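Q: Position chains B and C against the provided structure of chain A, taking the given hints into account.
Chains as they are written, first to last, in UniProt numbering: chain A, 1 to 330; chain B, 1 to 414; chain C, 1 to 320.
Worth flagging that the hints you see were computed from the coordinates, not collected in a lab. These numbers were taken from a predicted model, which means no experiment stands behind them. The beta carbon of each residue, even a glycine, is placed where N, CA and C say it ideally should be. Take these hints with a grain of salt, some might be off.
Label pairs and their computed distance ranges (CB to CB) [to be verified]:
hint	chain 1	residue 1	chain 2	residue 2	range
1	C	R31	B	E130	25 to 35 Å
2	A	V107	C	A290	47 to 57 Å
3	B	E328	A	G266	23 to 33 Å
4	C	G208	B	E39	52 to 62 Å
5	B	R270	A	G313	24 to 34 Å
6	B	K16	C	P266	43 to 53 Å
7	B	A40	A	G266	17 to 27 Å
8	C	R38	A	T303	53 to 63 Å
9	C	R38	B	V25	49 to 59 Å
10	B	A89	A	G238	58 to 68 Å
11	A	S43	C	W30	21 to 31 Å
Derived DSS-like pairs (lysine-lysine); straight-line CA-CA distance at most 25 Å [stated by the list, open to error]:
hint	chain 1	residue 1	chain 2	residue 2
12	B	K141	B	K126
13	A	K149	A	K130
14	B	K17	C	K144
15	C	K144	C	K223
16	A	K127	A	K149
17	A	K124	A	K149
18	C	K144	B	K16
19	C	K223	B	K10
20	C	K223	B	K81
21	B	K126	C	K223
22	B	K81	C	K144
23	A	K61	A	K83
24	A	K61	C	K41
25	B	K302	B	K333
26	B	K81	B	K136
27	A	K19	C	K41
28	B	K10	B	K302
29	A	K19	A	K61
30	A	K198	B	K253
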Amino acid sequence: MSLLSVEELSVTFTARGRKDATAVDGVSFTVDQGQVVGLVGESGCGKSVTSLALMGLLPRKGVRIGGRAEFDGRDLLTLSERKLRDMRGSQLAMIFQDPLSSLNPVVPIGIQVTEILQRHRGLKGEKARKEAASLLDRVGIPDPTRRLKEYPHQLSGGMRQRALIAMAVACAPRLLIADEPTTALDVTIQAQILELLKELVDQEGTALLMITHDLGVVAGLCDEVNVLYAGRAVESAGRRELFAHPTHPYAHGLLGSIPRLDAPRGEPLNPIRGSINDKIAWADGCAFAPRCDHYTMECLTGTPELTEPRAAGHQVRCVNPVLPTAEVPA
Amino acid sequence: MSLLELDDVKVHFPVKKGLFFDRTVGHVYAVDGVSLSIEAGQTYGLVGESGCGKTTLGRAVLRLNDITDGGVVFDGTDLAKLPGEEMRAFRRRLQMVFQDPLGSLNPRQNIESILSEGMAAHGIGKDQAERREKIKAILAKVGLPSNALSRYPHEFSGGQRQRIGIARALVLEPDVIICDEPVSALDVSVQAQVINLLEELQESLGLTYLVIAHDLAVVRHISDVIGVMYLGGLVEEAPSDALYAKPRHPYTKALMSAVPVPDPEVEDRRERILLHGDLPSPANPPAGCRFHTRCPWVQETKCATERPPLLDTGGGHKVACHFTAEIEAGTVKQTLATGIEAVIATEAVAAEAVETSEGEAPEDGSGTGAKEPATVPAQEPATVPAQAGPEADAKETGKKAPDATEKAEGGPTA
Amino acid sequence: MTILTNKADKVDRLAQLTQSTESVSGSSLWREAFRRMRSSKMAIIGAAIIAAFVLVAVVGPMLAPHGATAQNWRSEVFPNQGKFVGMRGENWFGLDHLGRDMFSRWLVGARQTLLVGVVSMLIGLVVGALVGVLSGAAATLGGKAGQRVDTVIMRFTDIMLSLPSLLLAVSIAAVLGQSLTTVMIAVGVVQIPIFARLLRGSMLVQGGADYVLAAKAVGIRRKRIVLTQILPNSLSPVIVQATLSLATAIIEAAALSYLGLGNPDPAVPEWGVMLSQAQRFFDNEPMMAAYPAIGIIITALGFTLLGEAMREALDPKLRG
Numbered sequence: 001m002s003l004l005s006v007e008e009l010s011v012t013f014t015a016r017g018r019k020d021a022t023a024v025d026g027v028s029f030t031v032d033q034g035q036v037v038g039l040v041g042e043s044g045c046g047k048s049v050t051s052l053a054l055m056g057l058l059p060r061k062g063v064r065i066g067g068r069a070e071f072d073g074r075d076l077l078t079l080s081e082r083k084l085r086d087m088r089g090s091q092l093a094m095i096f097q098d099p100l101s102s103l104n105p106v107v108p109i110g111i112q113v114t115e116i117l118q119r120h121r122g123l124k125g126e127k128a129r130k131e132a133a134s135l136l137d138r139v140g141i142p143d144p145t146r147r148l149k150e151y152p153h154q155l156s157g158g159m160r161q162r163a164l165i166a167m168a169v170a171c172a173p174r175l176l177i178a179d180e181p182t183t184a185l186d187v188t189i190q191a192q193i194l195e196l197l198k199e200l201v202d203q204e205g206t207a208l209l210m211i212t213h214d215l216g217v218v219a220g221l222c223d224e225v226n227v228l229y230a231g232r233a234v235e236s237a238g239r240r241e242l243f244a245h246p247t248h249p250y251a252h253g254l255l256g257s258i259p260r261l262d263a264p265r266g267e268p269l270n271p272i273r274g275s276i277n278d279k280i281a282w283a284d285g286c287a288f289a290p291r292c293d294h295y296t297m298e299c300l301t302g303t304p305e306l307t308e309p310r311a312a313g314h315q316v317r318c319v320n321p322v323l324p325t326a327e328v329p330a
Numbered sequence: 001m002s003l004l005e006l007d008d009v010k011v012h013f014p015v016k017k018g019l020f021f022d023r024t025v026g027h028v029y030a031v032d033g034v035s036l037s038i039e040a041g042q043t044y045g046l047v048g049e050s051g052c053g054k055t056t057l058g059r060a061v062l063r064l065n066d067i068t069d070g071g072v073v074f075d076g077t078d079l080a081k082l083p084g085e086e087m088r089a090f091r092r093r094l095q096m097v098f099q100d101p102l103g104s105l106n107p108r109q110n111i112e113s114i115l116s117e118g119m120a121a122h123g124i125g126k127d128q129a130e131r132r133e134k135i136k137a138i139l140a141k142v143g144l145p146s147n148a149l150s151r152y153p154h155e156f157s158g159g160q161r162q163r164i165g166i167a168r169a170l171v172l173e174p175d176v177i178i179c180d181e182p183v184s185a186l187d188v189s190v191q192a193q194v195i196n197l198l199e200e201l202q203e204s205l206g207l208t209y210l211v212i213a214h215d216l217a218v219v220r221h222i223s224d225v226i227g228v229m230y231l232g233g234l235v236e237e238a239p240s241d242a243l244y245a246k247p248r249h250p251y252t253k254a255l256m257s258a259v260p261v262p263d264p265e266v267e268d269r270r271e272r273i274l275l276h277g278d279l280p281s282p283a284n285p286p287a288g289c290r291f292h293t294r295c296p297w298v299q300e301t302k303c304a305t306e307r308p309p310l311l312d313t314g315g316g317h318k319v320a321c322h323f324t325a326e327i328e329a330g331t332v333k334q335t336l337a338t339g340i341e342a343v344i345a346t347e348a349v350a351a352e353a354v355e356t357s358e359g360e361a362p363e364d365g366s367g368t369g370a371k372e373p374a375t376v377p378a379q380e381p382a383t384v385p386a387q388a389g390p391e392a393d394a395k396e397t398g399k400k401a402p403d404a405t406e407k408a409e410g411g412p413t414a
Numbered sequence: 001m002t003i004l005t006n007k008a009d010k011v012d013r014l015a016q017l018t019q020s021t022e023s024v025s026g027s028s029l030w031r032e033a034f035r036r037m038r039s040s041k042m043a044i045i046g047a048a049i050i051a052a053f054v055l056v057a058v059v060g061p062m063l064a065p066h067g068a069t070a071q072n073w074r075s076e077v078f079p080n081q082g083k084f085v086g087m088r089g090e091n092w093f094g095l096d097h098l099g100r101d102m103f104s105r106w107l108v109g110a111r112q113t114l115l116v117g118v119v120s121m122l123i124g125l126v127v128g129a130l131v132g133v134l135s136g137a138a139a140t141l142g143g144k145a146g147q148r149v150d151t152v153i154m155r156f157t158d159i160m161l162s163l164p165s166l167l168l169a170v171s172i173a174a175v176l177g178q179s180l181t182t183v184m185i186a187v188g189v190v191q192i193p194i195f196a197r198l199l200r201g202s203m204l205v206q207g208g209a210d211y212v213l214a215a216k217a218v219g220i221r222r223k224r225i226v227l228t229q230i231l232p233n234s235l236s237p238v239i240v241q242a243t244l245s246l247a248t249a250i251i252e253a254a255a256l257s258y259l260g261l262g263n264p265d266p267a268v269p270e271w272g273v274m275l276s277q278a279q280r281f282f283d284n285e286p287m288m289a290a291y292p293a294i295g296i297i298i299t300a301l302g303f304t305l306l307g308e309a310m311r312e313a314l315d316p317k318l319r320g
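Chain A on its own, in the form it takes in the complex (with noise of 0.2 Å):
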């Protein structure tokens, strides 16, 4: 059985006064203990609010929440906030993508990883301090007793991820989200951040779900791809099998657009048209549809199922998929 198996999760914002914005409309996957599963999709596609809806970190009030999440037999979309809190830390950690504002600036780095420590393991005094002190060196903080002392403010921008990445692991948690972890730091700060993210995972077998909009970071580090539009899943497979094979039209579009570092200069890039903006109720039909060039009449009828038109395993939600005779060499 899986660690983590979301089903059919959906998530709407009813404000007063607005129509209603379904931001999540039915998302499937499932996280396996020690494997790495990655959300990936653009600013809009739902995938940060998927982890807030895991971690019960939406408001409780005009938002209203659907479907399934069952984490180790509980259903964590139901459960109460205090044992909601319980798990939070102990079993689940989180990690986000600005450190600074998801760290209390007024106090120290230790007494904010001492507290955790406290709360969940019953650490307390100088036993909590040497723990804390082991965890900001295990994740390469230099000088981990002066750094405790120190404020956020004071730490550079991956000196305090891999705080948050202390404080995440604290207690040995089953499952990490990270939600766009790198996205502010620069590439040899990421790389730092990636290695110790693999090394973790290989280390202690906890399970990482990976939030991002970086297909490069996925292709180095998830076994499982999700690529999520506009609130659902398009395509799923493994890394492998996605990036050597991308069938999905956006996922396959997304791929040809990219400019690839070890490409030849002077390749063009084949952009995907339009923007996010322009896109259709998935009740109606495809939501990529508007910007597709192989849209069809069934496109724009009822919301495509995901279907397995390539391999076993290999999830897409598509009428048209892209396949290897229609296949442009990415």
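A: For chains B and C alone, coordinates are given in the frame of chain A:
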């Protein structure tokens, strides 16, 4: 003669303190001696991480910041010394596209007003009707509908806003466009649209670009020549393909190895060069080679004391490193680890460090053992105290270098 | 295999389903703010109160059933000292201690109160905005010399701000003597540094925005950058403050009048003066104080509500 030539450009921002009278207590050396030249019709890509001074340099060319020292020669005129009004007139020929498409458009002006204001300032078109015709033609060129004229910036999508930003530059018929992170604020699927547009425009209008970006893949895609910046200075400059085929500066190597490629086959095969620590503060840059605090090949001679000049190593491939040839020939040894041990400091992974450092420099295993720890104290005086950033770096490198080398000798003392 | 239907059908169907979030309206931020105001309950209540107040102030005195100074000394009104005549048919609010019709005086007072509020706000706004624009323009685009000018101006406004506003008003009133003009000037002068600082601060923020840099890069002259780029984007907080300060101006004017600095002319009653006179008779006839007080409170509430609604409507975070 190149169209645009930068000669030892320096931009230093004073750091001021004081209650009544501002006292200058130091300088941020944002750009510290950059020379480069851009040929007409070419694209020069300037790449570097945040804080390396690339944006400041781009703005300095347009004199949007004051140039502390050096020359910016555009078409035979030194812009750095032009008086205000003459410089203003020159801005017609040098235009800029900004990173934040929404923030760089006045939210209270409609598109026609945004685009025509610059034309009016330079006396292009004799009346509004003539200007409108021209604006319509440009809008069509950048792929915007003509009904965009009466609309406001907030009514467009990100990609369209960037097209407006490009149109604003184009209506003035410039020779050079400086693109400061032109696509980094856009969604992945839209980035390619804007990159293609920039390339098409270059072809049809014969534009010269200075593209500033942190994304090496984007820069490589559109540039003829790439300059790599680190902490205020160029460390390497080469034709795009040459740079990719054979990066020569240790920083460029690390940077290239860190860029994720959306291809698992490539990702699994490649070896990352992980750097130690973070970028030192530009207010207190390390002496000597700016990169020596993080360089995996830092040597005890020269690196910490002498700033290497940017020298042509043949074929327009310029490198600023004392030991380029030696590193390539393998006659100097790697002194800092570049594997996962550069990131993690636990005993558990220390064992792996033995393997990697031995694997990378097998012939030199024991002979340099005594020499290596000596490089570390040599760096210490370079980092002046009081600043948290560089000090941390010194500590970090200082802590780990002996670690890795001790292990390399095969005898952990702890 | 899918059978491709007519291409035109396909395109039509797509166009029909596409829920583009883009508008093709071309509506400016001002217009959008106004649209948000119209759907805000707070704004509507505030605007309704203000409209009623302005109507009373403009038309009221003409409809007043009695003169503001006309006294009624008939015996049934004042049978003995200390007894007031309450509400009755011909005197809706009753009579005051001098036998004048309180309703008529309340109507005339409304006009005076509105006048004090508007004029003193305008003094503060106009002078303050001028100082603010000068200072803000000098600081953002004036180079080193400009920054010095800005520093001098700002230290001066700091001094003005550091004086307690009521004390400043009292001293101005002491110099100029007791009159309605004094009250207006005193209340207005107190507002000057507030407006100046607000506009300058707002201009400083906008002056650092990317679009100002872009305008500079395009080669637009500095004077024009201030007028077309920085200023229009800096006005929202000033407009909000102007609305809110109408409320404080009315209250402050009332306070000054209450302290006895208001217009002594009995022919032009003002709510603050009326309140001040009523305090002597508060034990006998509390209603005499209540009418002007309620007038002041409701009016101030109206302006505050409208100001807060404006603040929300003009908030750039709500854009889009």
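Q: Which hints, by number, does the structure contradict?
A: 4, 6, 8, 19, 26
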